[in-house]
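For the sequence shown, the positions run 1364 to 1880 when the working numbering is used.
It is worth saying that the hints were derived from the structure and are not from the lab.
Predicted model, so just to flag it, every value in this text is computed and none were measured.
Hints should not be assumed to be uniformly reliable.
Straight-line alpha carbon distances no greater than 20 Å define the calculated DMTMM-like cross-link-like pairs of lysine to aspartate or glutamate that follow [as the list claims (entries may be wrong)]:
id: 1; residue 1: Lys1779; residue 2: Glu1829
id: 2; residue 1: Lys1726; residue 2: Asp1656
id: 3; residue 1: Lys1779; residue 2: Asp1715
Each pair of labels, with its calculated beta carbon distance range [what the hints assert, rightly or not]:
id: 4; residue 1: Ser1542; residue 2: Ser1468; range: 39 to 49 Å
id: 5; residue 1: Asn1841; residue 2: Asp1567; range: 52 to 62 Å
id: 6; residue 1: Gln1732; residue 2: Glu1581; range: 20 to 30 Å
Think of the CB as a built atom: it goes at the ideal place given N, C-alpha and C, for glycine as much as any other residue.
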Amino acid sequence: MKDEYRFWPGLLLVARIPLPHMKCIKKLFRKQDDDDELLLDITEFIEPIKTVDQQKREIVPSSTDIRRCASRESVVEFSCSVSSGQYYVSDDCSSVTQSPCNPLSVYAGNMSQYSNTIFYFIGTSSMISDVYMISVSNVTLHGLDQSSSIVCKEVSKTSISIKLSINITITNSSFATGSGRIDTSNAFDLIISSSVFSASYFLDIYYAPLPAYRSSSELLHYSLMLTNVIFNTGSRMELIMSHGTTYNVSIIFDHVHGCIEPGFQVKGLFYFLIINSLFYDVNVGPGLFIDFDKNLESADCTYYRGIQLTSTLVIEDSQFYNNKQGLKIFGNKYLLEAINYHIIIKSCLIYDNINEGLFIDAKFLKLTQIEIIDTELIGNGGNNIMNSNAISLSNVTVANSTYTGLSLTASLVIIKNDFIFENNTGVVGGGLAINDSSVLIVSSSANLEFIDNHASYKGGGIYSEESTFSDIKSMAQNIPLTLINNTAGLVGGDMYGVYGMTQSNQFNLTNPNISST
1364 MKDEYRFWPG
1374 LLLVARIPLP
1384 HMKCIKKLFR
1394 KQDDDDELLL
1404 DITEFIEPIK
1414 TVDQQKREIV
1424 PSSTDIRRCA
1434 SRESVVEFSC
1444 SVSSGQYYVS
1454 DDCSSVTQSP
1464 CNPLSVYAGN
1474 MSQYSNTIFY
1484 FIGTSSMISD
1494 VYMISVSNVT
1504 LHGLDQSSSI
1514 VCKEVSKTSI
1524 SIKLSINITI
1534 TNSSFATGSG
1544 RIDTSNAFDL
1554 IISSSVFSAS
1564 YFLDIYYAPL
1574 PAYRSSSELL
1584 HYSLMLTNVI
1594 FNTGSRMELI
1604 MSHGTTYNVS
1614 IIFDHVHGCI
1624 EPGFQVKGLF
1634 YFLIINSLFY
1644 DVNVGPGLFI
1654 DFDKNLESAD
1664 CTYYRGIQLT
1674 STLVIEDSQF
1684 YNNKQGLKIF
1694 GNKYLLEAIN
1704 YHIIIKSCLI
1714 YDNINEGLFI
1724 DAKFLKLTQI
1734 EIIDTELIGN
1744 GGNNIMNSNA
1754 ISLSNVTVAN
1764 STYTGLSLTA
1774 SLVIIKNDFI
1784 FENNTGVVGG
1794 GLAINDSSVL
1804 IVSSSANLEF
1814 IDNHASYKGG
1824 GIYSEESTFS
1834 DIKSMAQNIP
1844 LTLINNTAGL
1854 VGGDMYGVYG
1864 MTQSNQFNLT
1874 NPNISST
């Protein structure tokens, strides 16, 4: 045999080869003695003519497709791993005892070939070109020591791009300097833990709908988890959920600290838990902005027989402080028939924000159930609830506000337990202002306290706008009501516009000497 071609196991080159060129390629690989067997039969790699459905399937691989790729059952479609195992990454591999070790640039060109792989980062790794991970599975980027950092030097747009992938983990790493970012699109079962983003480094996470032809009779479930992640001043995070009901995303943010700006846009099916987290020092907007954004398109909605679709947002044991606004929840239009929304704010502290500490505008969330439980609103410019007809408050304290403790506008609010206002100031309504046909419903288990509140005009403790028939209604008699040392510049030191409250047995006044108009 004049020429010999050798192929090493573990190295697989995959190409899409047009059928007209196959004769020439076959002839090349058959360049051997007649008695020899074929060194490689490449007919298995020939791309057959595909049906329209098959071509569509390649646009957005499902989790089944990705897992199939990881197990090497579909080499041509997704170009699976050339190898699996572990690699070490450092700018200074001479000081690294483990092997193989290379600078990040060696792998960065196309990391899509590295499924089932762990990359261990040691010391500093400079990023001088973009890193792409597309249609991969089971990939981990792991910092081995406290000084492990990925530094952008010449990349101004996307630094790390992860798309159409599953089981991706980033842990124990620092992303610093330059204007880099991690950009994910349909990166399913994504974990980011024990990591720091700083100096204009951005994290953008996007969920897109699966096409209708990928729909299944079973609801698909994916996850996103951020644990012990810090966003320093100058960094940011944006989460956009536009997947409709084509799948469900379970999201947990646990001990996430820093500047989350511009925030989250949600319009899909999810369970979202934010716990033990801090949101602070955003000078141009809210510490956390959650926007129920835009209409869901019918094509993005899949209906599952016998399943009531509910998206739940829980914010628990978290703090919002030193922002222009603390926590802002805004509702735009969405497809009411597709999803019910449930929002729970529990055991949170919202304090020292310049404007509103809590701002909720539920104009297009009329059927959304909102609960605020065991939460303190302290030292904010004010707090506002607007356009809501399904919100309840239980064990809520509002204190030291500088522009009315809590303002209700065109809302129906139910008080289920303690509702306490102390040392708030305003112009019309120092503690509580009820405006624009709002109604405050007081349940039988409620307890209301208004102490040391002041309005420069009317209603030091409580102001109710008579012209729009705003009102307070009780669901039982003898509900405890405390009114102590509330003052107003003109009229209604304790109350204005709710005189009827004191003329019946609705409330049990703990201090009968009150000032009302």
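Cross-check of the supplied hints:
no.: 1; hint: Lys1779 - Glu1829; verdict: 24 Å, violated
no.: 2; hint: Lys1726 - Asp1656; verdict: 12 Å, holds
no.: 3; hint: Lys1779 - Asp1715; verdict: 26 Å, violated
no.: 4; hint: Ser1542 - Ser1468: 39 to 49 Å; verdict: 19 Å, violated
no.: 5; hint: Asn1841 - Asp1567: 52 to 62 Å; verdict: 55 Å, holds
no.: 6; hint: Gln1732 - Glu1581: 20 to 30 Å; verdict: 27 Å, holds
Hint compliance for this structure: hints 1, 3, 4 are not met, and every other hint is.
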